[in-house]
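*Asks:* Build the full structure now, drawing on both the sequences and the hints.
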Amino acid sequence: MDTANSTKSVLFALGANASIAVAKFVAAKVTGSSAMFAEAIHSLADTANQGLLLYGLNKSKRQPDQKYPLGYGNEIYFWSFIVAIFLFTMGGIFSLYEGWHKLQHPQQLETPWVAIGVLVFAIVAEGISLWGAVREINKVRRGRSFWRWFRESRQSALLVVFGEDLAALFGLVLALSFIFLAMVTGNPVYDAIGTLAIGALLIVIALVVGIEVKSLLIGESMVPHQRQALEDFLRRRPEIKKLFHVITLQMGDQVMVAVKAQMQDEFKDAVSLIQAINQVEREMKTTFPEIRWSFFEPDITD
Numbered sequence: 001m002d003t004a005n006s007t008k009s010v011l012f013a014l015g016a017n018a019s020i021a022v023a024k025f026v027a028a029k030v031t032g033s034s035a036m037f038a039e040a041i042h043s044l045a046d047t048a049n050q051g052l053l054l055y056g057l058n059k060s061k062r063q064p065d066q067k068y069p070l071g072y073g074n075e076i077y078f079w080s081f082i083v084a085i086f087l088f089t090m091g092g093i094f095s096l097y098e099g100w101h102k103l104q105h106p107q108q109l110e111t112p113w114v115a116i117g118v119l120v121f122a123i124v125a126e127g128i129s130l131w132g133a134v135r136e137i138n139k140v141r142r143g144r145s146f147w148r149w150f151r152e153s154r155q156s157a158l159l160v161v162f163g164e165d166l167a168a169l170f171g172l173v174l175a176l177s178f179i180f181l182a183m184v185t186g187n188p189v190y191d192a193i194g195t196l197a198i199g200a201l202l203i204v205i206a207l208v209v210g211i212e213v214k215s216l217l218i219g220e221s222m223v224p225h226q227r228q229a230l231e232d233f234l235r236r237r238p239e240i241k242k243l244f245h246v247i248t249l250q251m252g253d254q255v256m257v258a259v260k261a262q263m264q265d266e267f268k269d270a271v272s273l274i275q276a277i278n279q280v281e282r283e284m285k286t287t288f289p290e291i292r293w294s295f296f297e298p299d300i301t302d
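Per this note's numbering, the sequence shown runs over residues 1 to 302.
It is worth saying that the hints were derived from the structure and are not from the lab. Any given hint might turn out to be false.
Distance condition first, Cα-Cα at most 30 Å in a straight line; then the derived DSS-like pairs of lysine-lysine [claimed, not checked]:
id : residue 1 : residue 2
1  : K61       : K242
2  : K214      : K241
3  : K29       : K67
4  : K139      : K241
5  : K59       : K29
6  : K268      : K285
7  : K260      : K67
8  : K8        : K285
9  : K67       : K241
10 : K61       : K268
11 : K268      : K214
12 : K139      : K8
13 : K59       : K8
14 : K59       : K268
15 : K59       : K139
16 : K242      : K214
17 : K67       : K285
18 : K285      : K59
19 : K61       : K285
20 : K241      : K260
21 : K285      : K139
22 : K61       : K139
23 : K29       : K61
24 : K242      : K260
25 : K8        : K241
26 : K139      : K242
27 : K285      : K260
*Replies:* Have a look at this one:
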């Protein structure tokens, strides 16, 4: 079962981004740096995004009701997708606009050392936030590369936090590099170029995150290794003669399972057949506690 704590990662990111946003806005005002202003907007958007993710995580834990009999688990996917859109627009598009504007009307930086000091602070804070996310990811990565984990994970909040933190850290390095170039050369165009580079980076990250979350919204199965373990478990059950197929659907932190199987010949009457199926389902939910709903269809052919 996936045991990574998405909420803890979101809280790490929220604290880091809120403090960084304040520091960046102050530095942007003092220095007049467009790259710093773009980074401040980026951090403000990230802070708002963490709030949306916490809201989504809370709402996804509501109990099933008559209107939503399978629960609200998918709600976290919706809010994660909204966060990806915000990252694309408030982060990426705004940075491109600001960079293009400054490219047409370059302005000399004032007290650039203030901007550099703030960026160094921000890199440390974002590094701590990313460390928090990676620590949770490592609990469930199971030796996979980060890219493979990213493609296979069903925890959209953790996906978004990891993508945001990675984008923020690279963005800060870009901002620091180009502000330093502008300071050394005395050419403010470098500051504008840095802003454009940050915008392009954010758009790429937002698109990659958005594509993954869209897939979860459409409906993905359990994580591949968990699905394989479930099928192996069912094939080993003494009550089952032949497993025809298994359908799994990830719904937030919980899973729905539909099984079609041929039961052993000894279960000839309805009562013994029902008891055997109930036993399989009990053991299945004990072994895989993330399974909330199970539907079992006994048959003699696929």
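*Asks:* Name the hints, by number, that the structure is in violation of.
*Replies:* 1, 2, 3, 4, 5, 9, 10, 11, 14, 16, 23, 25 and 26
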